[in-house]
Each structure stands twice: as C-alpha cells, then as structure tokens.
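Those protein sequence lines, which keep their order, are chains A and B.
Numbered by my numbering, the letters in the first sequence go through residues 1 to 178 in order.
Numbered by my numbering, the letters in the second sequence go through residues 1001 to 1169 in order.
Do not rely on the hints blindly, as some may be mistaken.
Just some of the chain B residues that point at chain A, by a computed CB distance under 7 Å [claimed, not checked]:
# : residue
1 : R1013
2 : E1042
3 : S1099
4 : A1129
5 : Q1134
6 : W1135
7 : R1152
In case anyone wonders, no lab produced these hints; they're calculated from the structure.
These numbers were taken from a predicted model, which means no experiment stands behind them.
C-beta: ideal position from N, C-alpha, C; glycine also.
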Amino acid sequence: MRPHLIVFGGLPGTGKSTLAQQLVARWPAAYLRIDAIEQALVSSGLLAGDVGPAGYITAYALARSNLRAGMSVVADSVNPLPVTRAAWRAVARDTETPVLEIEVICTDARTHRRRVETRTSDVPGLRPPDWASVMNHDYAPWTTHRLVVDTSLLEVDAAVAMIEAALIHGAGGRHADR
Amino acid sequence: MAMTHTIRPFQDRDWPALWPILQATFQAGDTYSFSPDSTEEEIRRAWIDAPAATFVLCTADGTLAGTYFIKANQTGLGDHVCNCGYVVAPAGQGQGLASAMCVHSQAQAVDMGFLAMQFNLVVSTNERAVRLWQWLGFAIVGTLPGAFRHQRLGLVDAHVMFKTLAEPA
C-alpha cells in the first residue's frame, strides 16, 4: 500500500474535521486543514483582501511535497467546486498516488444547523461561519465518483469505520494499489 | 480527537490486567500462532521473559488497552533485525492503538540499535492489520501458502513483512 491521498469535502459543520482527525489518529498521515492554513495567512497580515484561493493553492503544494516524500495526506477542505476537486485529483495524478474522495453531508438540516450554531473553533483566531453563511456558501453539486458519508445517519465511529473499509478494501473507486 | 494514551515499559504489577487480554487474543486463534490453550506461564515466558523488552499502552483513565514486545528476530548475524508482536484489547480496537504502538516500537527499535523490523507470520485474513502495516511502510516480502491454521477458516496464507528502519552506522 503506497501513500494515499484522502480528500474530504463538504459544507462547514457537516463533520469533516471530526472525521478527518479521527482517521489521522488511526492511519498516520499529514493532516492538511484549509481552515488552519487560511487563518494563518490572514493572521500573517500580508493579505490585502480576501484570502481567495491562496489556502487551497498552499494545501495542494504541501500535499504534493508530502506525497513525494512517501507520506500519506488527509486533506480537509470544503472542496466546494469542480475546479477545487479537479485540483486535488491532479495532485494524486501528478504524484501517482491512489486517491479516496469523500463528501461529508448532513441531510438533517436541524442537526446541521445545531452543529453550526453550537460548535467552537479549535483553530486559534478563526470564527466559525454562522448558519446563514453556511447556507449561502458556494457549493456545487458533486457529480464525480466519491464516497458519500451522511453524518446525520452515522455516528462518528460508524462513519470512520465506513471510510476505513473503503481504504482497506479499495472501495474508493480509483484506489489502485500497486 | 484521539484519546490520549501512554506507552510505557511493562511492570510486574501489569500482568493481572495484561494476561486476560493476551488470553482472549490467543484463544480466538485468528492472529497469532500461540496455541489457543497456552497456559498463563507459557504466555508469560513468550510475551514478557523471552523478548528484549515489553511495553504496555494505557488509556487516559489508566486502563491497560494494548501491549507489544520487541526482540531480535534471529540470533548471531541476524540479530540486527527485530521482531515485534502487538495486541490491542477488544474494547480498545478501532481507535488507532495498534498504529500508535507500531510507531512507538519503530522508534524503540532504532534506540535499541536494530536496523530493520520483520513480522514473520501476518495472517492474510487479518486485512486490517496487513493494510495498517503497509500504510506504516512495511512491505510484503513473501507469502507463505497455508502457513497459518486459522481456528475458523482453516489453512490460510501468512505474509512475511519487512521494513528497513536505519542505515548501519
């Protein structure tokens, strides 16, 4: 089993970071969290305006260098657009790494809203988005192959087990184990 | 986040908590070649006395949830390659404890002067373990046909897995 790229995506509050961190605790990997990168860029004070794509571009570069060094990568970002998803797949292609794409959803809006409104941020300096901005978040329907995890149906342990099963048995689509 | 845990050297007073975990694991007869009806004395000799060192993993509340041993895999000219065995308590499974112990054991092996680590009999049907060792950098260097007498599945293949840890000084 060579290094893997595991790409999480989904709206804020769906449970991406919880699942990603649980996974990294079981399957050691570099954990690339866009929230943390973007907050660091903002805190640096160097950016005149919006952080824009800078966080994603930084994460793609860090993922490439980790994978080339033989280290698996778990990427934790909203991954909202076809272009961001294609860019993660390009990282896998360029480094000849098997990729497992995971979309985290929460189909129960009440549960999702409660999570958004009650969570506290564990990224210093970062204020999590409110419900309105989650609802208005740019997020294109995901149409390509991915593992879909609905956190309104699955407890954390069950969701992690589902992802692990995909890793162990290669149910992640283009999970080529050479 | 992951439950915090501590990995420390085995002490004699750990044995009463450790033995039932080892006993349950070996009785299942699906991962280790120890006879399912091994006695407490036999297992203590194999897990504690014979190895160069034995460690235990305790969870945040002090519960013993895992253990591993480390020893030279061969004597004489092969004694720079170590061998480890890991056991996680049934209640602790699926929490990354085996992964944590394997990472710990690799650092421990280098500290003890070993240059590589070898697993001699990784049961092929223990897919989770095979995948985890591969994830942690171990390669399947050979597969022994029908070398393990699985207590439920009968004769199954076993892998020899190997990882280089350090270059000779």
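Interface restraint verdict for E1042 (chain B) against chain A (beta-carbon cut-off 7 Å)
Nearest chain A Cβ about 32 Å off; hint violated.
Do the numbers back the hint for W1135 (chain B), that is, is its least Cβ distance to chain A under 7 Å?
holds, 6 Å
Closest C-beta approach of R1013 (chain B) to chain A relative to 7 Å, hint status:
Violated. Min distance 29 Å.
Interface restraint verdict for A1129 (chain B) against chain A (beta-carbon cut-off 7 Å):
violated, 10 Å
Would you check whether S1099 (chain B) satisfies its interface hint, that is, whether its CB is within less than 7 Å of any CB in chain A?
holds, 6 Å
At a threshold of 7 Å, is the proposed contact between Q1134 (chain B) and chain A supported by beta-carbon distances?
holds, 3 Å
Hint validity - R1152 (chain B) Cβ closer than 7 Å to any chain A Cβ
violated, 19 Å
Comparing the model with each numbered hint stated earlier shows that hints 1, 2, 4, 7 do not hold.
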